[in-house]
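Peer 1: Spelled out, the chains give:
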Amino acid sequence: MEIFISNTSSNPIYQQIYEHLRNAILSGALDEGDLLPSIRALAKDLRISVITTKRAYDELEKAGYIHTVAGKGCYVAPKNTEQVRAEHCRRIEEHLRLVLRLAPACGISLDEITAWIHKLQEEEQGCQTPSK
Amino acid sequence: MSNAIEIKGLDKSYPGFLLEDIHLDLPRGSILGLVGENGAGKSTLIKLILKAISRDSGTVRVLDVDLDDPDFGRVKEDVGVVLDEAYYPEVLTAQQLERVMANTFSKWDREVYQNYLKRFQLPEQKKFRDLSRGMKMKLALAVALSHDPKLLLLDEATSGLDPMIRDEMLDLFNEFTREEDHSILISSHIVSDLEKICDYIAFIHKGKLLLCEEKDALVEKYAVVKLGRQDLEALDPEAFAGKREGKYGVEALVYRERIPSTFATEHTSLEDIILFLAKGGARG
Numbered sequence: 001m002e003i004f005i006s007n008t009s010s011n012p013i014y015q016q017i018y019e020h021l022r023n024a025i026l027s028g029a030l031d032e033g034d035l036l037p038s039i040r041a042l043a044k045d046l047r048i049s050v051i052t053t054k055r056a057y058d059e060l061e062k063a064g065y066i067h068t069v070a071g072k073g074c075y076v077a078p079k080n081t082e083q084v085r086a087e088h089c090r091r092i093e094e095h096l097r098l099v100l101r102l103a104p105a106c107g108i109s110l111d112e113i114t115a116w117i118h119k120l121q122e123e124e125q126g127c128q129t130p131s132k
Numbered sequence: 001m002s003n004a005i006e007i008k009g010l011d012k013s014y015p016g017f018l019l020e021d022i023h024l025d026l027p028r029g030s031i032l033g034l035v036g037e038n039g040a041g042k043s044t045l046i047k048l049i050l051k052a053i054s055r056d057s058g059t060v061r062v063l064d065v066d067l068d069d070p071d072f073g074r075v076k077e078d079v080g081v082v083l084d085e086a087y088y089p090e091v092l093t094a095q096q097l098e099r100v101m102a103n104t105f106s107k108w109d110r111e112v113y114q115n116y117l118k119r120f121q122l123p124e125q126k127k128f129r130d131l132s133r134g135m136k137m138k139l140a141l142a143v144a145l146s147h148d149p150k151l152l153l154l155d156e157a158t159s160g161l162d163p164m165i166r167d168e169m170l171d172l173f174n175e176f177t178r179e180e181d182h183s184i185l186i187s188s189h190i191v192s193d194l195e196k197i198c199d200y201i202a203f204i205h206k207g208k209l210l211l212c213e214e215k216d217a218l219v220e221k222y223a224v225v226k227l228g229r230q231d232l233e234a235l236d237p238e239a240f241a242g243k244r245e246g247k248y249g250v251e252a253l254v255y256r257e258r259i260p261s262t263f264a265t266e267h268t269s270l271e272d273i274i275l276f277l278a279k280g281g282a283r284g
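Chains as they are written, first to last, in the working numbering: chain A, 1 to 132; chain B, 1 to 284.
Hints are computed from structural coordinates only; laboratory data are not their basis.
Backbone N, C-alpha and C fix where the C-beta goes; we use that ideal spot for every residue, glycine too.
Keep in mind that the hints are not guaranteed to be accurate.
[To be verified] Below 25 angstroms or equal to it, Euclidean Cα-Cα: the simulated PhoX-like pairs (lysine-lysine) are:
hint : chain 1 : residue 1 : chain 2 : residue 2
1    : A       : K44       : B       : K208
2    : B       : K221      : A       : K44
3    : A       : K44       : B       : K196
4    : B       : K118      : A       : K44
5    : B       : K196      : A       : K54
6    : A       : K72       : B       : K150
7    : B       : K279      : B       : K208
8    : A       : K62       : B       : K221
9    : B       : K226      : B       : K206
10   : B       : K206      : B       : K150
11   : B       : K221      : A       : K54
12   : B       : K243      : A       : K54
[What the hints assert, rightly or not] So the derived label-pair ranges between C-beta atoms look like this:
hint : chain 1 : residue 1 : chain 2 : residue 2 : range
13   : A       : S109      : B       : E175      : 52 to 62 angstroms
14   : B       : P260      : A       : I92       : 21 to 31 angstroms
15   : B       : D162      : A       : S10       : 25 to 35 angstroms
16   : A       : T81       : B       : G160      : 52 to 62 angstroms
17   : B       : G73       : A       : S10       : 44 to 54 angstroms
18   : B       : R258      : A       : R101      : 14 to 24 angstroms
19   : B       : K279      : A       : P78       : 15 to 25 angstroms
20   : A       : R90       : B       : D21       : 30 to 40 angstroms
For reference, chain A alone in the conformation it holds in the complex:
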């Protein structure tokens, strides 16, 4: 597993770790039951603060991606399909919001966006058909 921390990113460091680990879990790079590096070891290896790493782990646990076994460490929690879906929905919403923010700036109406999406969908399907 690779984790890169950017000091120039506007995202706080704990969030960067959170997202790296969450993506690793959602993509299957980390499997259910895998042991995560200890908070202290990860912090020292990445040369970041222990408190920050702990905060990322706490958030992951709160969101249900990992669970802590006292005295042993943090493990990847069983994957919850509903949760994966919720996460994808959240990301879709994020992108849609961006569209809604950008569209008025270019004078594009909601109808035009809908038409656009339909057109894109046709394109995507067109791409997929020959390979089938």
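Dock chain B against the given chain A, drawing on the hints supplied.
Peer 2: Leaving out everything else, chain B in the frame of chain A:
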């Protein structure tokens, strides 16, 4: 988690100098960086913690033992100290120094010491006075680490050293705190060094503790913006923690949460924050 160092209401005055009402905790297992200009009181604070000078009032606990406890002498065995200058007898070599230290510390570990000498490539037969400044500091650090300390007190231990050696030392501090009960208090005016390794940052300015906060929280809390005077007036005056007006515009340190999210902020380093706060005199 208990604290490795606990300071409450600490005062110390010299003619023309006052260290006033210091409250400071160093949680076990973490690294706290002490920042401040020359003469701000960093070294005085470290000497007070070591009981090398007497305080006027307040309480200090080190590794759960009060400074006034008759047992405090024993605590010093668990504290590794490196001051900005290493004071060892000038004519001793690293090997001779070891015999002195082995008699000083009950938990002295010969093997650990020899390993550090090798790792730092310290000449074993050179007299102390003939070592370069970097080598003296490395020797002092080797001594500090070889009696199984739980706490390191480092006063300007990296200043005056070249970037390579400094980085090596920072790695070593990082390694030291892999153990959960190992803690470090390090003072330095090289803020970028502290930014690399610290969990907490304390900022002393003219004898007062202006702030003590989690490092990453500080960087999240503040941002530097550059803007014209008109924009400046449009912003909430409460949003500013410090500003610097120039001929062509204004640079300001702002609280991130008090400015509109559309505002472009510069990449903000700890050094920026400290400089703005020191000049603005604002409280964190």
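Peer 1: The structure should be examined with respect to each hint, and the outcome stated for every one.
Peer 2: Checked hints:
1. A:K44 <-> B:K208: violated, 31 angstroms
2. B:K221 <-> A:K44: Cα-Cα ~23 angstroms, so holds.
3. A:K44 <-> B:K196: Roughly 11 angstroms between the alpha carbons, so the hint for K44 (chain A) and K196 (chain B) holds.
4. B:K118 <-> A:K44: holds, 24 angstroms
5. B:K196 <-> A:K54: Since the Cα atoms of K196 (chain B) and K54 (chain A) sit roughly 17 angstroms apart, the hinted pair holds (cutoff 25 angstroms).
6. A:K72 <-> B:K150: holds, 23 angstroms
7. B:K279 <-> B:K208: holds, 14 angstroms
8. A:K62 <-> B:K221: With a Cα-Cα distance of about 23 angstroms, the restraint between K62 (chain A) and K221 (chain B) holds, given a limit of 25 angstroms.
9. B:K226 <-> B:K206: violated, 28 angstroms
10. B:K206 <-> B:K150: violated, 30 angstroms
11. B:K221 <-> A:K54: holds, 19 angstroms
12. B:K243 <-> A:K54: violated, 34 angstroms
13. A:S109 <-> B:E175: 52 to 62 angstroms: At 60 angstroms between Cβs, range holds.
14. B:P260 <-> A:I92: 21 to 31 angstroms: holds, 26 angstroms
15. B:D162 <-> A:S10: 25 to 35 angstroms: With a Cβ separation near 33 angstroms, D162 (chain B) and S10 (chain A) satisfy 25 to 35 angstroms, so the hint holds.
16. A:T81 <-> B:G160: 52 to 62 angstroms: Holds: the Cβ-Cβ distance is about 59 angstroms, inside 52 to 62 angstroms.
17. B:G73 <-> A:S10: 44 to 54 angstroms: Since G73 (chain B) and S10 (chain A) have Cβ atoms about 50 angstroms apart, the given range 44 to 54 angstroms holds.
18. B:R258 <-> A:R101: 14 to 24 angstroms: holds, 22 angstroms
19. B:K279 <-> A:P78: 15 to 25 angstroms: Between K279 (chain B) and P78 (chain A), where Cβ atoms are some 54 angstroms apart, the hint is violated.
20. A:R90 <-> B:D21: 30 to 40 angstroms: violated, 47 angstroms
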